[in-house]
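K.L.:
Mind docking chain B on chain A? Use the hints.
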Amino acid sequence: MIAEEAIKEGIKTQEYFINMGPQHPSTHGVLRLMLELDGEIIKKVIPHIGYVHRSIEKMCEKDTYRQIVHVTDRMDYLSNHMNNEAVCLLVENALEIGVSERVKVIRTIMSELTRLSSHQLWWGVMGMDLGALTSFLYGFRDREIINDIFEETCGARLTMNYNTPGGVMFDIHPNFQKRVKDFIAHFKTKLPEYDDLLSDNVIFRNRTEGIGILSKEDAISYGITGPTGRASGFSNDIRKHKPYSAYDRVDFKEILMETGDTYSRYKARMLEMWESMSIIEQLIDNIPEGEIQSSAVKAVIKLPKGEFFQSVETARGELGVYVVSDGTKSPYRIKFRSPGFSNLFVLDHIAKGYKIADLVAMMSTIDIVVPDIDR
Amino acid sequence: MYNFSSLTNSIHESLSASLSPVMVTVVEWSIIGIVLITFVALSVMGMVYIERKVAAFFQQRIGPNRVGKWGLLQTLADFLKLLMKEHIMARSADKFLFNLAPFIMVIAAFLAIGAIPFALGLHVMDINIGVFYISAVSSIGVLGILIGGWAGNNKYSLIGALRSGAQIISYEISALLSLLVIVVLAGDLQLSAIIESQADGWWIFKGHIPVFIAFVIFLIAGTAETNRGPFDMAEAESELTAGFHTEYSGIKFAMFFLAEYVNLFIIAAVGATVFLGGWMPFHIGNWEAFNSIMDYIPPILWFFGKTGFIIGLIMWFKWTFPRLRIDQLLVLEWKYLLPINLVNLLVVAFIAMMGWYF
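Chains as they are written, first to last, in our numbering: chain A, 1 to 375; chain B, 376 to 733.
Next up, chain A with everything else stripped away, as it sits in the complex (with noise of 0.2 Å):
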């Protein structure tokens, strides 16, 4: 370390403190870290949370079921129909009515353009984070037709509220499924540009190769899940493990890398795009007919005495459920496991011994949400 040999020749160093955030342009919102710095090199992150604390755990409290989804969308704000699914499939478990064949599907195919979207934003951030400008703006074209699509079908762009307990809200738009084809057409074309431009740069290899290692051992430990997780090794895909939806019926892979290195992390998630195209390919033809929404759920839902959790695979990792009702028509108490907030944390283990610029690149493919930590 520079520090040791100064202090052998007689020059005094300091290690210093730095607040990266809360108004940063690579904290992704308003996450502030304390880094402990000597020259450049990071000793240690402290990340600070609470900037955008609203208390949707207790909101949640006062609030009806149907009600509650609308709050998750303003947790991962980019994992917003992943969210509300979590919710709704809660519900639908513990109330023990299923939902139409159809309505599986269409929620499949929305959560896997949701991960679409979210990874191609992540992708755009990614590359401004390393100083690509442009790469956020391509990034941000792709999603553009993703959000025209949903607009179309849920009559939002961003925060959709598109499931409700036991369906969905409407019934999808007639140009739904040709111009989701078209997209999935268009988007086959550009993802290899994506890796022209950043994937086989030789600076963005020297960059992330090697950097930020995570071994598979400590990516369990810190319980870290989703591409961030599977980059180490770790099988973690809730979609895996635990199928719901229509999740069961389709063929797709999981990611696995081995090496848990920043790259490893950024290719898991490339992948991971095409799989998703290829859930969608796979149902996009197949939306078999029946009802949007089940005719089982009352107006007023009152979920039996009990405990529940339902999870689901967000872009970011596993999204935990845990509701204890004591039979009213809102919970006693909720909790949400969101993958953001374990994920930050393995930033002080994998940062040490690093530069400023390579944390803001570990950041980066950690894929935080700062609302998905504040919750």
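Keep in mind that the hints are not guaranteed to be accurate.
[Stated by the list, open to error] Simulated DEER-style distance windows between Cβ atoms:
hint, chain 1, residue 1, chain 2, residue 2, range
1, A, 36, B, 405, 51 to 59 Å
2, A, 175, B, 436, 22 to 30 Å
3, A, 298, B, 463, 57 to 65 Å
Bear in mind the hints are in silico, worked out from the structure with no lab data behind them. Glycine included, each C-beta is placed from N, C-alpha and C at the ideal position.
P.N.:
Relative to chain A, chain B alone:
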């Protein structure tokens, strides 16, 4: 070919006829100052506009298109906005140095632009050590960055400034060594003499592969020296918020901005002058007919065309590549560019000695 020195001489003579020698000097320097400042202001505005349009083109956007025809006045509007903004200074900042830093940057940029020949006879000064002079004054700019980063009393600025200090001092070597390749071939440090030596073909065509290598290294080093992406260590927006000028606002920030673009212009102009023949039209050996057709295009257009080409190249890789890390940047310079450059210089010296160039 029109020689601008006849114009400047006639101005000088008409002034001498009616004024005392001291007044002549005063008036002439005032004219030069006004012309230079106007030129720099206009060209920087042009470059900012072009940069925005180029970025928009790369990113599949439209770019500025609201203020004025095709958004041409957008830069002017932004400049006016910066002019009217509040000057904010941290209480703990070093006031004198904080205010001094932007001026050092701008002065260094203006000093260098004085030595660039825009056309035959159109230059402020044609000193016999032109290449040396330009690389000397362009390294003053780093002082402005260091002082600015230090005086703001902000840790981000300090990191940015120190990064930039390490970077510019390193890449200065490469930039100068790659220019030396041409100096060896042309046998002169004077920029007008280097241009004259390219009358029968530009050095990039005449000098075989070594000159091409030198040109590529010059582009890399030049980009690094002007603190532009992928070498924008000092700014590193996503790491250090705004690097060395985090604490600056209003017109002082605008001065850093101005200096950055003037430096870009200087690097491009020097590259164009030394490697691509400056204002010299495209000539091929003794093809008289072809050469005389090329002479119809005015030299000033040749100069700005070539400068624009290099500016375009630099903008191209700014908007494409990710940023390097500071240690990778220094490794690139000291372990790769510098040895390549030294070997290259030896090879060129040998070629020049044997006369093995066209």
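K.L.:
Tell me the numbers of any earlier hints that the structure contravenes, in ascending order.
P.N.:
none
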